[in-house]
Amino acid sequence: QKEVEQNSGPLSVPEGAIASLNCTYSDRGSQSFFWYRQYSGKSPELIMFIYSNGDKEDGRFTAQLNKASQYVSLLIRDSQPSDSATYLCAVNSGNQFYFGTGTSLTVIP
Amino acid sequence: DAGVIQSPRHEVTEMGQEVTLRCKPISGHDYLFWYRQTMMRGLELLIYFNNNVPIDDSGMPEDRFSAKMPNASFSTLKIQPSEPRDSAVYFCASSLRRQSTDTQYFGPGTRLTVL
Chain X
1 QKEVEQNSGP LSVPEGAIAS LNCTYSDRGS QSFFWYRQYS GKSPELIMFI
51 YSNGDKEDGR FTAQLNKASQ YVSLLIRDSQ PSDSATYLCA VNSGNQFYFG
101 TGTSLTVIP
Chain W
1 DAGVIQSPRH EVTEMGQEVT LRCKPISGHD YLFWYRQTMM RGLELLIYFN
51 NNVPIDDSGM PEDRFSAKMP NASFSTLKIQ PSEPRDSAVY FCASSLRRQS
101 TDTQYFGPGT RLTVL
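One line per chain: the protein sequences are X and W, in this order.
So that you can map any letter, position 88 of the first sequence is 88 in the working numbering, and since no number is skipped, the others follow by simple counting.
So that you can map any letter, position 39 of the second sequence is 39 in the working numbering, and since no number is skipped, the others follow by simple counting.
Not one of these hints is a red herring.
Distance condition first, Cα-Cα at most 30 Å in a straight line; then the derived DSSO-like pairs of lysine-lysine: (1) LYS24/W with LYS78/W; (2) LYS68/W with LYS78/W; (3) LYS24/W with LYS68/W; (4) LYS42/X with LYS56/X; (5) LYS67/X with LYS56/X; (6) LYS78/W with LYS42/X; (7) LYS42/X with LYS68/W; (8) LYS42/X with LYS24/W.
Some chain W residues near chain X, calculated using beta-carbon distances under 7 Å: (9) GLY42; (10) LEU43; (11) PHE91; (12) THR103; (13) PHE106; (14) PRO108; (15) GLY109.
FYI, nobody ran anything at the bench for these hints, they're computed from the structure.
Using N, Cα and C, we set each Cβ at its ideal position, and we do this for glycine too.
Chain X with its partners taken away, still in its complex shape (with noise of 0.2 Å):
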């Protein structure tokens, strides 16, 4: 069973805040990493993605990844209220897709 696991949350954070939302994953043998953003009542749409050990930064979201712990996190930066949603980690491991259940991000203006 290929696991990944997510801190459901909810996480609040102020307007202005880092938010830092962490995923850790099972297989050793994946592959790339992927951050969603699920508004409520919506498809979840892509943040960013990563494959390679260490940060990628696009924009006011940092996606850190260390495989040899196995874990992968989503820093976003200045958070605002329309930031706030639930955010899926997911994995590609052996040409296959697995999410976690997600975090809840709150951002209190």
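With chain X held as given, fit chain W onto it using these hints.
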């Protein structure tokens, strides 16, 4: 492009009835995925197709579920007979090719309620 199109957006039915969900992938995408999302289990992959051929249906919960893709622009997910535990949001997604960094684009989903 209009994106992935799903219909209906909402479906309410009674236990024992047949339910058919429909999906039109993004034109040119050769992979199509069916997911189910519930609060308890999150997003689960049910089945995916490559070039209209089912590749992996190991996520299909039981024989009551079936999926077809008769051509590159249309797929159906059928539940017969439906049960209350099938209530969930069903998403269809498509992607251009099956490489590790390719993005799956999700449709708006069908919210199914089985009474």
